[in-house]
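**Student:** Could you put the whole structure together from the sequences, leaning on the hints where they help?
2 protein chains.
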Amino acid sequence: MSIITIERKVLEKNDEIAQLNRTSLKQHGVFSFNLVSSPGSGKTSLLERTLEILRGHLRMGVIEGDVQTDFDAQRVARYQVPVIQIVTNGGCHLEARLVQEAMAKMDLQQLDLLVIENVGNLVCPANYDLGEDFKVVVVSTTEGDDKPLKYPGMFCHASVLIINKIDLLPYVNCNLAALKQNALNVNSSLRVFETSCTTGAGIPAWCDWLKEQSASS
Amino acid sequence: MSIITIERKVLEKNDEIAQLNRTSLKQHGVFSFNLVSSPGSGKTSLLERTLEILRGHLRMGVIEGDVQTDFDAQRVARYQVPVIQIVTNGGCHLEARLVQEAMAKMDLQQLDLLVIENVGNLVCPANYDLGEDFKVVVVSTTEGDDKPLKYPGMFCHASVLIINKIDLLPYVNCNLAALKQNALNVNSSLRVFETSCTTGAGIPAWCDWLKEQSASS
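Here the protein sequences come in this chain order: A and B. If you read the first sequence in the working numbering, its first letter stands for residue 4, the second for the next number, and so on. If you read the second sequence in the working numbering, its first letter stands for residue 4, the second for the next number, and so on.
Hints in this document: simulated from the structure, not taken from any laboratory. Nothing here was measured: the structure is a model prediction, and the numbers come from that model. Mixed in with the good hints, there may be bad ones.
One copy or any two copies: either way a pair holds, since identical chains are not told apart in the list.
Result set (DMTMM-like, lysine to aspartate or glutamate): computed pairs, CA atoms no more than 25 angstroms apart in a straight line [unchecked claim]:
#1 Lys214 to Glu55
#2 Lys12 to Asp149
#3 Lys153 to Glu104
#4 Lys153 to Asp73
#5 Lys29 to Asp132
#6 Lys29 to Asp110
**Tutor:** Laid out in structure tokens, this is it:
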């Protein structure tokens, strides 16, 4: 049995469980997204800002994926939302099975929105469906404007692009228009938001859009 | 045959080829390192600064690893050094076999130092020996000070830590002392440099150290 066959079987099995997760979320009326990016792009900060604004409007839950530590779960728990930490112990991405186990520990009846924050990795999580409604990829201006072209897989699989740390644009070598165009060249259907978790810029627009999506889901 | 067995066999095969690469580099008197980090930490910028300073002192060659595009090879080629681009086509790390193929295209007799720039990924490349003398992990201040604790594998496998983008410290939420201490808590033998590829700070110290290492190798 070749390695490629094994990999295909792993992905097939993952997709089967992802479909079970998706069905369960739909049955409970829970809208969900999978937050992906490089390490340090600001996924957790964005999530904190989002929780701050939306917690009066939507009942939210969070699944945190990390290679090690429960630092992110601790940060999120301060917003009084249910949070389950998955530690992958070296694993480079979340899999549907891990999310299924985490979901079993949550009361889905009590949720409108489930956010799954993936391991910081711009490559591997692209191929693993977790059962979410869509993927949101975060890229920060400090990473440069060429990343969508150098790591196209993730940008192809995402429905939303959040360009974060726009407050740092004056200090870094990043052309915002080029970054956006590079992303749209890879995936023309991306919905793009520009945010700063430091100044708060762009966060209300992102949250308004999430509310709309949740209402119409 | 289980997936874990397959994975172990893949790593064993990789390590065998890495050992062949290492022997070949030693036979040709070539000193080498494997440059690893998250996407956008500044690996290529650091390499450009290093080539600028060292090209009169050491005969250098570069192997560039990217998921897609040859942008980095194009940047490096401007410094008139031999460069081979490896495109992994979605692969999340370089493997010894790919480096072996790239090395076969270089005239090792003409080199003192070979730099292998890995795919931007703070997780997967940690487990793949390529035959290099040591790994250099780059982390930028914009990624925050918790990354060594959240992604310990890479910091354990590296010999050198370069903290890059120190010019951005006034604008980001990163405690430099904590970042350094977190890295040393994971691996107390790390040699640490602090750099900015924008201002050039710290680059001469790093280059001086590289010259010493090359001379004593």
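**Student:** Can you tell me if Lys153 and Asp73 fall within 25 angstroms by alpha carbon in one copy, between copies, both or neither?
**Tutor:** Intra 30 angstroms, inter 9 angstroms, cutoff 25 angstroms: inter-copy only.
**Student:** Go through the copies and call it for Lys29 and Asp110: within, between, both or neither, with a Cα cutoff of 25 angstroms.
**Tutor:** within (14 angstroms within a copy, 59 angstroms between copies)
**Student:** Given a CA cutoff of 25 angstroms, do Lys12 and Asp149 count as a within-copy pair, a between-copy pair, both, or neither?
**Tutor:** neither (33 angstroms within a copy, 35 angstroms between copies)
**Student:** Should Lys214 paired with Glu55 be assigned to within, between, both, or neither, using CA atoms and 25 angstroms as the limit?
**Tutor:** within (14 angstroms within a copy, 51 angstroms between copies)
**Student:** Are the CA atoms of Lys153 and Glu104 at most 25 angstroms apart within a copy, between copies, both, or neither?
**Tutor:** between (33 angstroms within a copy, 22 angstroms between copies)
**Student:** With 25 angstroms as the alpha-carbon cut-off, assign the pair Lys29 and Asp132 to within, between, both or neither.
**Tutor:** within (15 angstroms within a copy, 44 angstroms between copies)
The earlier numbered hint that this structure contradicts is number 2, and it is the only one.
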